[in-house]
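Colleague: Chains as they are written, first to last, in my numbering: chain A, 1 to 124; chain B, 1001 to 1322.
Hints listed in this document are in silico derivations from the structure and should not be mistaken for laboratory results.
All C-beta atoms in this analysis are idealised placements derived from N, C-alpha and C, irrespective of residue type, glycine included.
Among the hints, a few may not be true.
[Said to hold, decoys possible] Sample of chain A residues facing chain B (criterion: CB under 10 Å; computed from the structure):
#1 Asp-20
#2 Asp-27
#3 Phe-40
#4 Thr-43
#5 Ser-46
#6 Arg-61
#7 Met-69
#8 Ser-72
#9 Leu-73
#10 Glu-114
[Claimed, not checked] Okay, the calculated beta carbon distance ranges per label pair:
#11 B:Leu-1094 with A:Ser-90: 19 to 27 Å
#12 A:Lys-57 with B:Glu-1130: 46 to 54 Å
#13 B:Met-1001 with A:Lys-57: 32 to 40 Å
#14 A:Asn-58 with B:Arg-1068: 23 to 31 Å
#15 B:Arg-1136 with A:Arg-42: 51 to 59 Å
#16 A:Ala-95 with B:Thr-1086: 20 to 28 Å
#17 B:Arg-1112 with A:Asn-116: 28 to 36 Å
#18 B:Arg-1068 with A:Ser-49: 35 to 43 Å
#19 B:Arg-1159 with A:Ser-90: 53 to 61 Å
#20 B:Glu-1110 with A:Glu-38: 23 to 31 Å
#21 A:Ala-95 with B:Glu-1109: 37 to 45 Å
#22 A:Asn-58 with B:Phe-1137: 51 to 59 Å
#23 B:Glu-1110 with A:Ser-49: 34 to 42 Å
#24 B:Glu-1088 with A:Glu-93: 16 to 24 Å
[Stated by the list, open to error] Some chain A residues judged to face chain B by a derived CB distance under 8 Å, without partners named:
#25 Arg-30
#26 Leu-32
#27 Ser-71
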Amino acid sequence: MNKEGQVRTEQVWNLAELLDRVDNDQDLLRDLLNIFKEDFPRTMRSLESAVVVADLKNASRLSHTLKGMLSSLGGTRAAAAAAKLEVLASAGETASLKGALDALGHEAECLLPELNAYMAEVRR
Amino acid sequence: MKILIADDEALSRRLLEKTLERAGYEVITVENGKLAFEELCKPGGPRLALLDWVMPELDGPGVCRAVRVRSEQTYVYMVLLTSKGTKEETVLGLESGADDYLTKPFNAEELRARLRVGERILLLEDRLVEARENMRFRATHDQLTSLLNRGAVMDLLTRELHRSHREQKSTAIILGDVDHFKRVNDTLGHLVGDEVLMEIANRLLGAVRSYDFVGRYGGEEFLVVLNSCDPAFAPSRAEEIRLAISHRPIQTAKGPLGLTMSAGLLLSSEWGIKSLEELLHQVDNALYQAKSAGRDCLRIARPAVRAEPAPAPMPQSVRLRH
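Starting from the given sequences, assemble the full structure and let the hints guide the process.
Modeller: What follows is the structure, encoded as structure tokens:
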């Protein structure tokens, strides 16, 4: 299996790892998910704007922020996509940015429903 | 223990905050490097810090460099949080002054363990500082009375004389000697003599202002320096200080002892620029005059006003003072 294939086998959301990180504190987990739901779309929009105008510095900084946010939350695949975007922006690979951004958007679309489902479940 | 978390990303900041609060830390959070530096510079500020590498205003390594540039401040143990993982970046982070680094996303147990290492280092630093301060104290203070020792009080007096000359003020130098102290040692023993010296030290300290100096000059001789002392009030102040010894008996293991002190006084403003040795010689002469006048009194060292030179004082080594 190639490297790309390995990445795809990773979980969209590593809830077990996150629960371990928060010491099974459901209140804290809810806090984190709320912060994410507020900060992620805003940062993502800024990143999209930076990519459109090929602002490499901001694209690198914002994808770094998203990478941290996603990895803290256990969004392994999305974090890897953000990391790839950060590397490309830092290396000045302008031509590849749009594709990497789309990949990140795709991973986020996979992750968000899982987070929403979890939040709906814990609210019950 | 206080700990600073500096991270521009709210989610990571909240996660760290809660994790560390649970571990018993008093957590302070900031969202950029500039605020982190300000927090770490505050008196009584945190001595443990978790700094994200990438932050606005000032990045994590920048905070480390800025903190390390400060001198004479307590050590801050700084851990860089980074998702950067290359060897070059690790070296760069540590070279900036960080003590450790931790890769994001962190493992809570590892984070706590690394912070415990930091606490051990800080404890070690506290012990070293305490040992250094003890050594400094011992080097500058008299072991029996805890007053400044002769060397230290003379250093301070030298500085004070320069300052008072520069500011056109006057420094009062009082050299006091406990009358008949030898009898105390000879008849009641050295332990009682030590008790007496300790009590006299306390009384002298209690009789001066917080910014004056009191030192043990010799066996039963004490040097008191009154900084920026108005010459008009210096004699009465010196007399008050001298009487602090005799106004009530000193309680000892062998009963109360009534003791007196003779003293010489010198006002630096009356002597112009003179060496420390010369001024001490003159105040010592005044003390000798007080002893010669029957003890338990004060004499003031005044510059000679006659044209012809004053007779040379008797060498100190041949004087007898009891």
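Colleague: Please write out, lowest number first, the hints stated earlier that are contradicted by the structure.
Modeller: 5, 10 and 25
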